[in-house]
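Participant: Just need the whole structure built from these sequences, with the hints factored in.
Line by line, the protein sequences give chains W, L and Y. Just add 496 to the spot in the first sequence (first one is 1) and you have the numbering used here. Just add 49 to the spot in the second sequence (first one is 1) and you have the numbering used here. Just add 149 to the spot in the third sequence (first one is 1) and you have the numbering used here.
Calculated from the model, a selection of chain L residues having no Cβ within reach of chain Y, i.e. all distances over 10 Å:
#, residue
1, 54
2, 188
3, 214
4, 285
5, 306
With a straight-line Cα cutoff of 25 Å, these simulated DMTMM-like cross-link-like pairs (lysine to aspartate or glutamate) come out:
#, chain 1, residue 1, chain 2, residue 2
6, Y, 159, W, 639
7, W, 632, Y, 152
8, L, 309, L, 263
Here are a few chain W residues that face chain Y, going by a calculated C-beta distance under 7 Å:
#, residue
9, 589
10, 599
11, 606
Source of the hints: derived by calculation from the structure; they are not laboratory data. Bear in mind the structure is a predicted one, so any value in this text is a computation, not a measurement. In this text, a Cβ means the ideal position worked out from N, Cα and C, and glycines have one as well.
Given next are the chains, with one letter for each unit.
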Amino acid sequence: MTVALEIKSVEKRFGGLIATNNVTMNLQRGARHALIGPNGAGKTTLVNLLTGVLQPSGGQIILNGEDITRLPVHTRVLRGLSRTFQINQLYADLSPLETIGLAVSERMRHGRDAWRVLGSRTEINGEIYATLEQFKLTDVMHERTATLPYGRQRMLEIAVAIATKPSVLLLDEPAAGVPESERHDILAAVASLPDDVSVLLIEHDMDLVFTFAKYISVLVNGTLFAEGTPDEVANDPRVKAVYLGGLDHD
Amino acid sequence: MTILTVLFDGIAAGMLLFVLASGLAVTLGLMNFVNLAHGAFAMAGGYICVVVVNRWGMPFLAALPVAFLFSAMIGALMERTLYCHLYGRSHLDQVLFTVGLVFMSITGVDYVMGSSQVFIDIPKYLQGQIEVFGLGMSRYRLLIILLCSLITVAVQLILTKTRFGSRLRASVDDTRVASGLGINVNTVFALTFAFGSGLAGLGGALGAEILGLDPTFPLKFLIYIMIVVTVGGTSSITGPFLASLLLGIGDVAGKYYVPKFGAFAIYAMMIVILIWRPHGLFSRAVSK
Amino acid sequence: MSELVNESVKEIRRDLTYLAHWRTWEYVFWIVAFASIFVLPGHYLILTEIAWLALFALSLDLLLGYAGVISLGHAAYFGFGAYAAGLLAKHGIIAEPVLALLAAGFAAMLLGFATSFLVMRGSDLTRLMVTLGISLVLRELANRYSNITGGFDGLQGVIINPLLGRFEFDIYGKVSYIYCLVVLFVMFLIARRIVHSPFGLSLRAIRNNPLRASAVGIPVNLRLIAIYTIAAFYAGVAGALSTQTTAFTSLDVFSFDRSADLLLVLIIGGTGYLYGGIIGAVLFKVLQDVISSFTPQYWQFWIGLILVLIVLAGRERMSRWFDMTRRTALVTLGLQRILQRGGKL
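Facilitator: Right, here's the structure in full:
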């Protein structure tokens, strides 16, 4: 197995506060990797560092052998690093069709085209359809995104990320806030993500983590605390003490 | 005119600007509401002062509190009837709405009071200059510096020492948390808005003599007031205060040393500062 | 199976291009616009003003209605184009009006490109101040160099040569109006292509959610700089038209009132569907004509009142009207597809 995403001694300081402390971590190609940690452990900061919202104070981030540490957000996406947000970030006034259509057309580098009508390219349309179909969104594809039920919006959130054809996908609490009745669809969508996509799941929900992940990293106070297979992590007494123990008081 | 005189006049102008703009800085920080009509409240204070002093013969110093109360009342009224509907709306809506108010206030005052510049009858003892350490200082500007310093200190004390001040600061920092703590954010805002409008009115009355007062006042000083707020930032009262002084001194010096370029230097300076520090010269770095 | 997919892909194509199709009412709209040349021969002056104002508003619509950038100083580019056209004609640098128009547009475009970097930083409030500041700086400069611009007296002695070397501008303003209308129409067609392109959709995406836009690979700032530059070109051409059709321009073109009026024009017509600026320009000019016939001095009061009322009445609800019609059309389209598939969801 080769490494898809390499995080090398990444650090982030806000003034005197160390939010990410010398984190080194590898995401294997095709991985189903979960990143867990109690509230305030610095998971979101790490995601922001990986996606380029924040600049690290030190260290390197390597995507498929290329150093992306200094690249802006959108360039990283075009290189194959995509994410979903913990709180839906969608276009309220656009339809799912337009949302997916735009993501696909940007990936094909048609975004600068100010002349041809969107949708006039067949190669794009096939892919748009396949993505909408995969996430069961074809029946609502003409509606305003803002009017969709929350569960459907959550599906769209994942669908947009997939539409950018990532090699590495960061899933930030995909099932957060989804009502029980729609949860199954989300989990099924997550489970059926393409095998060649390497997934890093950032999650609180232990059921989801242990059914999904083949490998788990534990982050505590911005430091990588433990790593291993689900069994190893679950049986690690230190993890139990610090993390799982803390969960009871959550 | 020596460098010291320029400095003195600049400080007076700057302090005046601070009193004019401080209310806006607080309301903008509190509700993220872009109120381009703030200058209209200043104009209201200026004109009421003209009426009570020139027509009714009230002493100038007694008319200043009247100007404050008058503008504060208008502010409270407008806030409860109109502004409160627009807090959740887009910035574009707020801009359109307050620009509309500016236009209405300009033509409204023009209709009632006429379009020419008006002057308040300043009492004898405030006219002319006095010598301090060999430096000729205008008595009126001295009064402005004195009064505005008092007001600045009072505002600072209210913000830091009183219960209301701590509630206000809590609401500015995080509206949701503040209301969760049982602070009635709406009341806090209405009071702040009224107080800020009152200060603007006081500034308008004080400033009529040196800034000039005519119906286009809200538009003419819109840019100055907004510069104070954008350059100074809205996270504290010190930022707008320093920005006001900078602007006041810069404006007086610019008009004295390079009169042909008028306000060019000020606008250019504002643009440069906003490009350099988009969230204001004195704002805390936002690192969320 | 693959036939079904093929069919579905065609559907996607139809649905995505559906919005870009010309509607019947649009044909009617432009036929009426061009018919005005023959139907309203006594009103060429006001029609001409409507035409360049509409173009100016179209420019702001591209920026505000599509990309969501608020500007309080769009008059800067209008004014720059106006002076550029005036100076080109006055000194006979480019004598032919159409070429001069393009040159003036490009001049404004360059200014727009240069200043876009200033505008793209910071929050809405910073943008308001910087755009306003740019127009005020230009006004001060135009005033300072009054030996070139004529200062407060305006640019005198501008003589506009015949259009394309053949059509003399007549005193009734017929040539002027046809000229403005044709320019408006051509630039409208270009704008229409732009907004229905992937680029145009990406602007709407940025207005909706810049965070998501950058997370699908859209270079947000570059796109905003691009549309700001394009909008400046449109504004410059509108300004140039105003100079060429009146043979005059003055400092007034840079004023705050000009930018504020423009906002009103666009708001009455509605943002984000391109016709808003044109419809708004017609309503605004007619309104101005009517109101100033009985109270010329207090015209500004009514502008203010209209702005206030529109916002209180819920501008966003009103502007969503067009969006609603568009959505209804699309949902109908969706239902048709479902019915075609035999009622299966």
